[in-house]
Amino acid sequence: MTTILDFMTEKHRACDDAFAAAEEAVSLNEWQTATEQWRLFSDELKSHLEMEELVLFPRFEEATGNSNGPTNMMRMEHQQMLALSHQIESALSAEQDEEFLGLSETLMVLMQQHNMKEEQVLYPMADQSIPQAGETIEAMNKI
Amino acid sequence: MKMTGLSFDNIPPLSVPFRFFFTAPLFGILAGVLIMIVDDLWISRWHPALLGFTHLLTLGVMAMVMLGALFQLMPVISSQPVPGARHIAPWVHLLLSAGTLSLVAGFMAPMSTVILTAGIILLILGFVTFLGPLLLGLIRVGQGGDSIHSIRLAIGALIIALIIGGSRALSYAFPETWTALAGFANYHIGWGLGGWVVLLVMGVSFQVIPMFHVAPNFRRSVSLGLTSLLFLSLLIISIAPAGSALLKAAMLAAIALIITYSLYTLNLIRQRKRRISDPTIHFWQLGLSALVIACLVLSALLFGKDSFSGLEGKLQILSGLLFGYGFAISIIEGMLQKIIPFLIYMHLQRDCMKNPQAFASLPNMKTLIPTKVSRRQFQLHLSALVLVSASLFLPVPAWLSGAAIVVDFSWLLYALLKAQRVYSHTRQSINVCA
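Just so you know, the protein sequences line up as chains A and B, in that order.
Every letter in the first sequence is one number past the one before it in this note's numbering, and letter 108, counting from 1, is 400.
Every letter in the second sequence is one number past the one before it in this note's numbering, and letter 270, counting from 1, is 288.
A few of these clues could be false.
Simulated restraints on C-beta separations [as the list claims (entries may be wrong)]:
| id | chain 1 | residue 1 | chain 2 | residue 2 | range |
| --- | --- | --- | --- | --- | --- |
| 1 | A | D389 | B | V414 | 39 to 45 Å |
| 2 | B | M371 | A | A386 | 24 to 30 Å |
| 3 | B | L435 | A | A431 | 49 to 55 Å |
| 4 | A | E328 | B | L250 | 48 to 54 Å |
| 5 | A | A306 | B | E330 | 50 to 56 Å |
| 6 | A | D389 | B | E330 | 50 to 56 Å |
| 7 | A | E328 | B | V425 | 40 to 46 Å |
| 8 | A | E328 | B | S256 | 55 to 61 Å |
| 9 | A | G426 | B | P374 | 38 to 44 Å |
Result set (SDA-like, lysine to any residue): computed pairs, CA atoms no more than 20 Å apart in a straight line [to be verified]:
| id | chain 1 | residue 1 | chain 2 | residue 2 |
| --- | --- | --- | --- | --- |
| 10 | B | K372 | A | M373 |
| 11 | B | K372 | A | E391 |
| 12 | B | K390 | A | E391 |
| 13 | B | K384 | A | E391 |
Since the hints were derived computationally from the structure, they do not count as laboratory data.
Given the structure is predicted, the values throughout are model-derived calculations rather than measurements.
C-beta atoms are modelled at their ideal positions from N, C-alpha and C, and glycine is treated no differently.
Can you make the complete structure from the sequences, with help from the hints?
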């Protein structure tokens, strides 16, 4: 049976793939490809954040009775990632490669240390505490 | 995994890791100066100045950065901080710095019993101050992931290396009373480098290689298997009778495991999807290649003893050099190129909560340490490594290879100070506007 950890980790990797492709295109000055790949990434990112904020986190909070702990911190980091992602979009439409790559490096590290906390701690705990993991995954898949 | 005290909002203040990171290059510079001013440093691995050089790098640079990084890493990979990090970090830093200086001076100064003993005591106090709370944190984590597993084994190896090293140093300080401990050096090196350093780098690489470079994950059997078997081989090496077949087999196994890890990781790096130019990747590739060569030199020494016509001593030093300066310090320099700008960025971002308009003016990571600066760091480090290795066998003047190390670490210090300046300026402007 798929666990929340496996399911969400796979989503993280899907985001990473599109991200890496967009970044490489910018470094080669292929702006058309970069824009397409960035859109893929940004759609993946937004749907992933919604899965967490609309389905996973509320269920986690309910199951653990803890609504102002780790999930709050994760929500705040989501806001920070979205803000950086908007800055990157401006650099993309202005075709500023150096600005783009500096910001994308920052988002990459910010995103990965965020993922690290989720994959190492939050998702395994969600698997332990949420009673209907399979149904939770289904609900997230509908987003 | 335990729920108690779970919170991701417990990242230590910037000063906790930074005091360690900024001190490390100073010890590196000192190590380079030592090569410049001492004649015939490479004549034997027991040369007092070479012992000094080695410990400036292992304690002053490597342990300094690794301890600082563990304060930072624990809350991220386990959600459990090192308890009391803010209060103990200044003490650990002070004791480690003073202890290292004193130990090195003790090795080199005549009539050095008092200085050497002081060094041992300061270092023991420093490590105990650090390890006590860290162990408490590691217990609170509960089961934890693969990285926590390696970190636990690494800490076990560090404790063994420290006990053996401490007793070995006592035999220097009191040669008449502690002669029995003189044969411990190889165990100290084995647990210190082969155990603590390799296991810690392994644990970090399981996280950072797949994540930061979008490379395939380490297979679980590989990450768990390699670390556990390496630790087990070191245990067998420590208890097997001298000259026994068991001892040889365990040494061969340890070397084979380290080579397997290096080649496996190099292969994952080759398959990475994030292909933009990144100096940190070059540092990983250099470090892991140096580790493979160090292991090959070591196994040639262990299993082909009589065929080197007097070069054994030099080859022993070469394997140590490739291991410490070629492997460990390459990885450290490479990781600092990312850790420093990221931590600064993260802390500035928090300051922006008071003043959200300032968010757009935050410096991105590459403004803090530009790729150009990192690339130059790699070139300087590689040149120094080649020069110092060559100086073992060719008539390279000592001042030149020493100067190359001084330049390598000075550049690191320059990059850190530059990033720190941008941080202070930005922080001021955020606070002024808030």
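Structure-inconsistent hints, enumerated in ascending order
11
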